[in-house]
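Q: Below, each chain spelled out in residue letters.
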Amino acid sequence: MLQGYETILRDYRPYVIATTGLLGRLNMSPLGLSVAPEDRFDPLRRSSETLLGLLERLDGLTYGPLGMTMPRWAFYDCAELPGLITGLGRSASSLPPRLREALHVRPGYDGIVPMSMSLAVPMLEEHHWLGYSICSLNEVSPGASPRGMRALTIGFTLDMLDARKITGTTQWCSPKLHVHALFAPLTVLTAWLPAHTEPATCTFRFDAGEERIARALTGGIAESEGELLDVSEVSVLQDLQREIEAGHSVRIVGLPREAGARLDVPFVREGPP
Amino acid sequence: MIAAPATLRLRNPALLETLSPFLVATPENVRHFDLGPFGLAVDAANVFDPLHTRSEAFLDLLGHLDVATFGPEGMPMPRWVFFNGAELTGGIFGLGCPHTDVSDAARALLQVPDAYSGLVPFAMYIALPTFDPDVWVGHNLASAGPLLPDERLKGLGGLTKALGLKCFRTKRQLGATQWDSAAIYVHSRMGPLGVLTAWTPGHSEPWTLTYAATTDDGALRNLAHDLDASVAHPEPDFWVESDDHAEQQRLQDLIEAGQRFELVGPPESLGSKRQRIPIRQLP
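One line per chain: the protein sequences are A and B, in this order. Heads up: the first sequence begins at 0 in numbering that gives the first Met the number 0, then just goes up one per residue. Heads up: the second sequence begins at 0 in numbering that gives the first Met the number 0, then just goes up one per residue.
A portion of the hints provided could be inaccurate.
Here are some, though not all, of the chain A residues that point toward chain B, as calculated from beta-carbon distances under 8 Å [what the hints assert, rightly or not]: (1) L43; (2) E48; (3) L51; (4) G63; (5) P64; (6) M67; (7) R71; (8) W72; (9) A73; (10) F74; (11) A91; (12) S93; (13) P95; (14) M122; (15) P193.
In short, the hints are calculated from the structure, not lab data. Keep in mind the model is a prediction, meaning the values are calculated, not measured. The C-beta atom is built at its ideal place from N, Cα and C for all residues, glycine as well.
So here's chain B without its partners, still in its complex pose (with noise of 0.2 Å):
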């Protein structure tokens, strides 16, 4: 079967020319979901049961994926909590590369076997439903493409997101990021977000924030880096820098008194992996 076009119009084409879509979910899951996000069908060959011990090189490989990417900030995800909170529930939505066109300088990164053979994962992002069907967790999004900066896979963790947030044919997500984390850029670009906490004493990472944003698809599209999409950016009415816990802890208080806020745009580096993130006060 010859996989339908991607309607998508990237800022970086090469990542639709070299990377195809997988999908890690139980068949009932498969069932409920968009096998053609945005036009981008998902090979059967590529969809893995969890339940299967077929299954096993490919979630290894996602294993590796997630400690190379998430490993170094000391929140690599145990294997049980893979199959629970992600496989179980929800799925695993992702890019990869066949093994025969990937690079050594991969192959160290992901650790992949010699021996083996098939679809090797260099995004994947991770969802769980809620008990609104609408609603989504997002749990983990991982890209190689910042580890492999020669391998013309700029904006490759926007686009996974994007991919996977439309097959799991989700309407709203909520996910929680840390204030001094990158991955606010990639986040941002779904348009402005509704800030739900701002201290989160639940998290390892207290200084960690839980948004909730619209998955339309314009939003979408733009967080692909879809040349067409575009979304709006309102003025900030302040800025929380990323060490700033004090005033971090006291947005929250404004949110439990019942103020709104939203993140209304990327953040600015300050140096020294210090930035500032630009929020919104909602009448």
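Isolated chain A (complex conformation) (with noise of 0.2 Å):
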């Protein structure tokens, strides 16, 4: 399955911040990618104390462009306390200054540094997570790691989770479109959310799992037949979202096509059982 993601393998470790309970219930070893037990982090406990602060740096440089940057506060509430971190780093001295610097890595440091995050907090119903946020230093800084870091760190997340169901949100004109539709069909619950900082902003929700994983993760999905749609026009996701909530169904069924300053998506609807 992880066949084309060697140089990630050969260089990259994955970590993980959640309380000792939760802890407890995780794969440690989703994939097959050792979680080593220096890089498993309590949130409760002072020694995270340098990686939570490396982690809200990666934040605020892939999200803040956005106007999306989380507070700590909410790091802490919506994602630690409830939920877990995760992702894949390297060590410290394996960075060149230049990476060390803009993550701001402080002189000395030598242990993990997220190059690619991943927040999943539970939902109600057992095994199904949100997929709160995902992100790599790569959307910023392309070139920084290898590519492929967010689907792996995606995939491997789920593995970590035994999750069998995903919610999460993108903004339509996000670059993390791509790689959630590699986890397509998609079900969309919202195409626009005027009450959301950013109303433009797709929910969606897909059946995960191990079969699921690997087709993500071999070059995604096999192109469905879809009508395409210009997710890049308002007037588009106002007329989704009044057939969601007339009660038809919406799916993403495959990977977004930018053509000029169009981003066509493939979708299946069907109207309401």
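Taking the hints as your guide, dock the two standalone chains into a single complex.
A: Next comes the structure, spelled out in structure tokens:
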């Protein structure tokens, strides 16, 4: 399943931040990637402070331009206490100076430096999780780490959690839409959310599981037939939202395709049963 | 439908005479909740689906309530945190007033648009589930009560939190609050609180304590200011002053070394926005 990810597997290792109660329930060898004891952090202990600072910086670099930097208290309340933060990183000493500087790595620190981050929070049904956010430094510094960091991070997060169902959000204009679409088909729960910071937000859901992870990590989904709609058009999103609210089923069935200023996404839409 | 009367006998009965409960949650989450906490029925018209655009005006007002109550402390909640961090995963329970009964002072405080009709939220409690279905994280308690001193809203925060925890069917609640926060008065009404952290670098304000509360009916009734309820307040072994960061860090070191502590009562004011909090060491 992990063919093609060799450069990541060679140089990067997973980390996780979760309270001890949750740590004891997690798969600590997700996709065969072992989480070393020194890379497991309890947010209730002061020893997690440096890593949490590095994560806050990574979040600021990647979500700041979107106006969605997560306040540190929100990290704590909305991820570390109820759920977890995980991702891939590498030792500080193995990073080039420009990245250590960009990530605000303190001189003398040689622990793990996160290069990707996934936040997951439990939903009310067992094995159903909210993919709260996903990011990689590559989004703002292409080449800082190998390609595929986000997809692999999502994949091993799902396996770590033994997740069967995932709900998530992404902005239609975000490059993250592409990585989520690897796990298609995605059921669209919202296409236009006026109450959100960014109304052009997609809330989606998909059934997770080993087969879905494997397919996403080995070249993505087989392109399905779907109606291409330009999701950069607000009116398109508002129409989709009206259909969803009227009880229609709206699914993303393939990868987004850029065409000039357009961003075409393949959808399958069906009327209410 | 006539709402069932609440089984609470409140010190301030005006709260339930003038305010109605509301809930913001996805339809799939609503199915898990108690829509009649302590006999107080949540009217279907006051259940708001965050996935639906018709909830927009009400969610805007919740944002205004948050800014009015947490904005001055520098911790207003971004809208996307509301959505991801509360509305999708857990729920928002609160109490509000029909727009026709809202005073000019409250309209101004909560920035109620002239054209708005419907319930105006005066208080809300936000909580998220954890991996343990009995344990929830209390994320935010906001009450306009202290900002509207002439509107007979005393006790609104505690009542809202009690009803919210009952609605979410929690058995244990985790929360984070600052040592200098007046909210400790409210939280300590649930009885002794386990102290999980006394100094919290993961938080924007490290002088944050993380607590764990048992949320049985007795604790929740006392939290709601029910005249028939009471909780034990054991004698403290020592007090922690809200600005004594060295003591808070020392306490954190002891917790990490395996010692256990409880917060056993309401804070005592030391003036100048300082307070001290009673702590007991557990065997």
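Q: A separate judgement is required for each hint: does it hold in the structure or not?
A: Taking the hints in turn, this is what the structure says about them:
Given the 8 Å rule on beta carbons, the hint for L43 (chain A) holds: about 5 Å separates it from the nearest Cβ of chain B. Using the Cβ-Cβ criterion of 8 Å, the hint placing E48 (chain A) at the interface with chain B is satisfied: the shortest such distance is roughly 4 Å. A cut of 8 Å between beta carbons decides the hint on L51 (chain A): the least distance to chain B is about 5 Å, and the hint holds. Look at G63 (chain A): its Cβ only gets to about 12 Å from chain B, farther than 8 Å, so that hint breaks.
Of the supplied interface hints, the one on P64 (chain A) is violated, with its beta-carbon coming no nearer than about 14 Å to a beta-carbon of chain B, more than 8 Å. For M67 (chain A), the interface hint holds, since its Cβ comes within 8 Å of a Cβ in chain B; the closest pair sits about 5 Å apart. For the restraint placing R71 (chain A) at the interface with chain B, the shortest Cβ-Cβ distance is roughly 4 Å, inside the 8 Å limit, so the hint holds. Taken as an interface hint, W72 (chain A) checks out: its beta carbon lies about 4 Å from the nearest beta carbon of chain B, inside 8 Å.
The closest approach between the C-beta of A73 (chain A) and any C-beta of chain B is roughly 5 Å, which is under the 8 Å cut-off, so the hint is satisfied. Because the smallest distance between the Cβ of F74 (chain A) and any Cβ of chain B comes to about 7 Å, under 8 Å, the interface hint for this residue holds. For A91 (chain A), the suggested interface contact is broken, since its CB lies about 19 Å from the closest CB of chain B, more than 8 Å. Because the smallest distance between the Cβ of S93 (chain A) and any Cβ of chain B comes to about 25 Å, over 8 Å, the interface hint for this residue is violated.
With a least beta-carbon distance of about 28 Å to chain B, the hint placing P95 (chain A) at the interface is violated under the 8 Å criterion. A hinted interface residue such as M122 (chain A) counts as satisfied when its beta carbon comes closer than 8 Å to some beta carbon of chain B; here the least separation is about 6 Å, so the hint holds. Taking 8 Å as the C-beta contact cut-off toward chain B, the hint placing P193 (chain A) at the interface holds, the least distance being around 5 Å.
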